[in-house]
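Listed below, chain by chain, are the residues.
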Amino acid sequence: MRKVSFASLLLILITAINVQAQTANEPEMARVMRSNGKIYVVVLVLATIFAGIIAYLIRIDRKISKLEKNK
Amino acid sequence: MPVPSLNIINESIRNLYFHVPMWFTMILLFTGSFIYSIKYLRGGNLRDDIYASQLTNTGIFFSILGMLSGMEWATYTWGAPWSNDPKQLGTAMSMLIYFAYLILRGGLKDDEKRAKISAVYNIFAYALMIPLLWVLPRMVDSLHPGNGGNPGFNQYDLDKYMRMVFYPAVIGWFLIGLWIATLKIRWGLLKFERENDFQIEPEKNNK
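These protein sequence lines are chains B and S, in that order.
Start counting the first sequence at 1; every next residue gets the next number (my numbering).
Start counting the second sequence at 1; every next residue gets the next number (my numbering).
There may be inaccurate statements among the hints.
Said to hold, decoys possible - Quick list of in silico lysine-lysine cross-link-like pairs, BS3-like style, CA-CA up to 27 Å:
#	chain 1	residue 1	chain 2	residue 2
1	S	Lys39	S	Lys191
2	S	Lys116	S	Lys39
3	S	Lys113	S	Lys191
4	S	Lys116	B	Lys69
5	B	Lys63	S	Lys191
6	S	Lys160	S	Lys109
7	S	Lys109	B	Lys69
8	B	Lys66	S	Lys113
9	S	Lys160	B	Lys63
10	S	Lys191	S	Lys116
11	S	Lys113	S	Lys39
12	B	Lys63	S	Lys116
13	B	Lys66	S	Lys160
What the hints assert, rightly or not - Just a few of them, taken from the derived set where beta-carbon distance is under 8 Å, the chain S residues facing chain B:
#	residue
14	Asn15
15	Phe18
16	Phe61
17	Lys191
Unchecked claim - Each pair of labels, with its calculated beta carbon distance range:
#	chain 1	residue 1	chain 2	residue 2	range
18	B	Glu68	S	Met164	41 to 49 Å
19	S	Trp134	B	Lys69	38 to 46 Å
20	S	Ile117	B	Ala47	37 to 45 Å
21	S	Arg163	B	Ala47	41 to 49 Å
22	B	Ile39	S	Asp111	43 to 51 Å
In short, the hints are calculated from the structure, not lab data.
By construction, the Cβ of each residue, glycine as well, lies at the ideal position given by its N, Cα and C atoms.
If we strip away everything but chain B, and leave its shape as in the complex, we get (with noise of 0.2 Å):
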């Protein structure tokens, strides 16, 4: 347990470090949104529709369970 809180405290430290190199540099903001070509907007459209197809097909399964409950 001890470990990994140590090891998610580097990580969150090493994230933070380079986040504030990064700022140093240029003014744009939003930076990881915009960084390479702007992919990640796509990552976050995938996230989005994925999470949300999930969220109503896990809908869809409880109404169906709810159907077969009370027959």
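Guided by the hints, dock chain S onto chain B, whose structure is given.
For chain S alone, coordinates are given in the frame of chain B:
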């Protein structure tokens, strides 16, 4: 697959494979719902009403996905999730019209009455959606491509590599949309049979 290099939009042009088919699927499902509403009014078979309502439900779901994905995309290309673009406004209006359909159905308890009124409403909603999405945004300038004139995919929008991905993607999304709709229809039919003693006529209406 390579995509054309463009300013501002950059790699996010690939959203075309996801954002646009959402709307195409929505149109397909609403069209199906429209057809089943007409069928219901002609034949009076409650099965057609269940088809129409579940197709609309799924269509609304896809419109929400399309709206969310569009707003995310717009945040990083147009600078804001909502910029009162004519197409955004038209879409928001038709979404509200279809939300009202859900409320209308929720408010009526009698099966026959609900089926009849919502079928009529659905036909009006579809007739309103067409100008709101396809006609009005094209008559004014818009941030969306292909507005303020004839869109025509072939003109400047889609290069040939993107087409090779885009058309299969549209077919795939159509199939996913129809599959989800059929799941919901099957659920609707089952529920109806559980709640009522009589079965729905399996095929063809009683004339």
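- Among the hints numbered above, which are violated by the structure, and what are their numbers in rising order? Numbers 4, 6, 9, 13 and 21 - these are the hints that the structure violates, sorted from lowest upward.
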